[in-house]
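Peer 1: Residue numbers (the numbering used here), protein chains in the order written: chain A, 1 to 117; chain B, 1 to 301.
There's no promise every hint is true.
Simulated crosslink set (DSSO-like; lysine-lysine; CA at most 27 angstroms straight-line) [stated by the list, open to error]: (1) B:104 <-> B:2; (2) B:240 <-> B:175; (3) A:70 <-> B:284; (4) A:71 <-> B:104; (5) A:70 <-> A:114; (6) B:22 <-> B:84; (7) B:84 <-> A:70; (8) B:104 <-> B:175; (9) B:284 <-> B:175; (10) B:22 <-> A:114; (11) B:84 <-> B:104; (12) B:2 <-> B:72; (13) B:175 <-> A:71; (14) B:104 <-> B:160; (15) B:22 <-> B:2.
Think of the hints as simulated: they come from the structure by calculation, not from any bench.
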Amino acid sequence: MRQLLVSDLDAALNALEGDRELLRRIVDLFLLQAPQLLEEVRESISRGDAPTLERAAHKLRGSVTNFVAKKTYDAAFRLESMGRDGDLTQAAAAQAELERAMGELQATLVEFSKDRA
Amino acid sequence: MKILIADDEDGTRLKLETLLAKLGYDVLVARDGAEAWELLQREDAPSLALLDWLMPGMDGVEVCRRVRQSSKVPYVYIVMLTVKGQKQDLVAGMEAGADDYLSKPFDVDELRVRLSAGERILSLQEDLRLQATHDDLTGVLNRGTVLDILHRELALVARKSVPVAIILADLDDFKQVNDQHGHAIGDTVLREAARRLATPMRPYDAIGRYGGEEFLIVLPGCGIESALVVAERIRCSVGKKPITTSAGDVPMTVSLGVAAVESAPPRGADELIQSADDALYRAKRGGRNRVEQSSNPDAPS
Ligand SMILES: [Mg+2]
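Only chain B is shown next, with the shape it has when bound in the complex (with noise of 0.2 angstroms):
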């Protein structure tokens, strides 16, 4: 796991980074506030920090506030180091949003033990991402997640010009499905549909369970002719073989409406998301495990 620590006595680091090291963290060192700052705004940034409360220039408890104030995701546990008799600014550094603090001198036990102690957190607080971000059943993204995500590319497509594309995926006849096997079979019919839904997508593709049966997924940078080929891929992944459950096999295909959004100025989620519908609806009509697109990619439909 990676760790930062930010002090500006020369001992301290290196004790730190020695003791640490030993521990098996992999060290991220900084000599002051900035430098602490800066590391911390990377993409990879560690989620452990060890920070100092006095340094020159911006101290630890400003470093800390800033972390804060940004609302980081993951969150980055702080843990302030002071040295004994600082109690005010004590008080200071836990307003500012530290998790925990650390006097100095302090020995490699309670330095242990104060980390693992950060590190339960942190997993604790991962797991509760997880799960206010994905469907407790299928494990893709949930509605809310999805749209977020869907509202931030089309942002991008007003300030950059990418396009952007939406796939709005409804298994077919699910209900029979539910009706015949009952609802266990029918969780167990929709984790592996989802599964296979999201199979053929990218890494930054996304994925979130829309409705009950109803999958909406995020294409960035696709425009239609791409997403197109995406959502044939998805219906042949799904619809390849049966989903083997307790029941027996089980036949399940998906109907695909595809639309995409190619240039400035871009339509709302809402529009988009209704002409994906709209063509949705004409797989459907149309004899369904099959795909279809908006009739006009760039107006509303």
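Next comes chain A alone, as it looks inside the complex (with noise of 0.2 angstroms):
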């Protein structure tokens, strides 16, 4: 259960019919681009600004929607909410719950690519 929480791949693949190499590639994809998603997300906290920070959470949150992972999912859209609000007093926190959700999805998905039975 709590595995779920950081990726169904099951229901992943079923979204796109079962076709795993497709989902390979777009594991593959994200994992070359996830470091710099995130930090758009760190860079635009640390410097205070709320539109950048909305369009970067905006953006990491679209993309792992392919992987059904609802901790990183989550965590974005918090942060993406507190850009849009305008109001970043709680980011250390939620961005602190993003890099650990991030971390369990990207091993998730390490495994996954590796998984190349």
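Dock chain one against chain two, each of which comes alone in its own frame, and use the hints as you go.
Peer 2: Laid out in structure tokens, this is it:
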């Protein structure tokens, strides 16, 4: 159950009509870009730049919809809303949550990517 | 069928591109709104578009608004892609003229169902468009549409100094067919005559039903000399053999009046049609089944 909060890859696979190869390509693309996506979130928070945070968090949230990754999605959504409201006072805690969730998600996806069964 | 996808996320683009290609679509890809807008303005633009709502630069809503403002023909069916939790944005998207929306994450079944709904709407739109621009009985353009085309071509004469010619073609003694055989046979004859009238025409020529048994033909880029050649071909095409109907063979011929505008300042549409009509009158008086030209191609006769 806990694992499903990180990423429900079976659901992700079903959404692609079971196309494992396609999911793998989307995963690999995401793993390649994840550091950059996360970096944009970090930077905008450290600069106190709310509009950029909204955009960066939104993009990250959109990217992880493909993996049904609830924790990452929720954390990104919180940051996106803060960015939209222009209130970053709680951003540090939300960012820590996002970093944790992203760490778990990336680990899960790396496993999936390696598993060339 | 062609479809455009526009999304700034590489993963979503890859997903859509692959799934849509599997569903048999011809996929065009844009990475942002500006690219999408550029592709949608092309002559052979797709009539289905999946636009991500949030993209850097021009967003999906703005692309949608521009497409609607351009009142593009044929219609573009637009589905906005959103991430859940964008309710207000959704309203904005629909108000900008989107036809539907799809929330990420979506699965392939959702995609398939939404797009087939879109295709259904597009084919209804196309039927309506054909009904609005074509004559029910003969299938050629209706009067309003062929006149629109003539006005457009006359504007080009002024701008680019390309000539344009028109032919007014009137079936000879058509009333006798109706009187002798009834309207059903008259309709058959009209339909076949319209088909024969159109046969010698080039793809970019236009023919419309101007009145009961009268047709207006617009020949872009044609001066009086080449228009006379076309008119003669049309005359032969209609009269070469009788029209076969359930009441037996019905002989049919056509009289044609030709007029052209070769240089600026152009005559107006009414004036041009009047001189073609004068020529048509002379063709009728001269014994029918013949071509006459406007007495002075570039001045009112
Ligand atoms: Mg986006």
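Peer 1: Could you work out which of the previously given hints the structure breaks and list their numbers from low to high?
Peer 2: Those not satisfied are hints 3, 8, 13 and 14.
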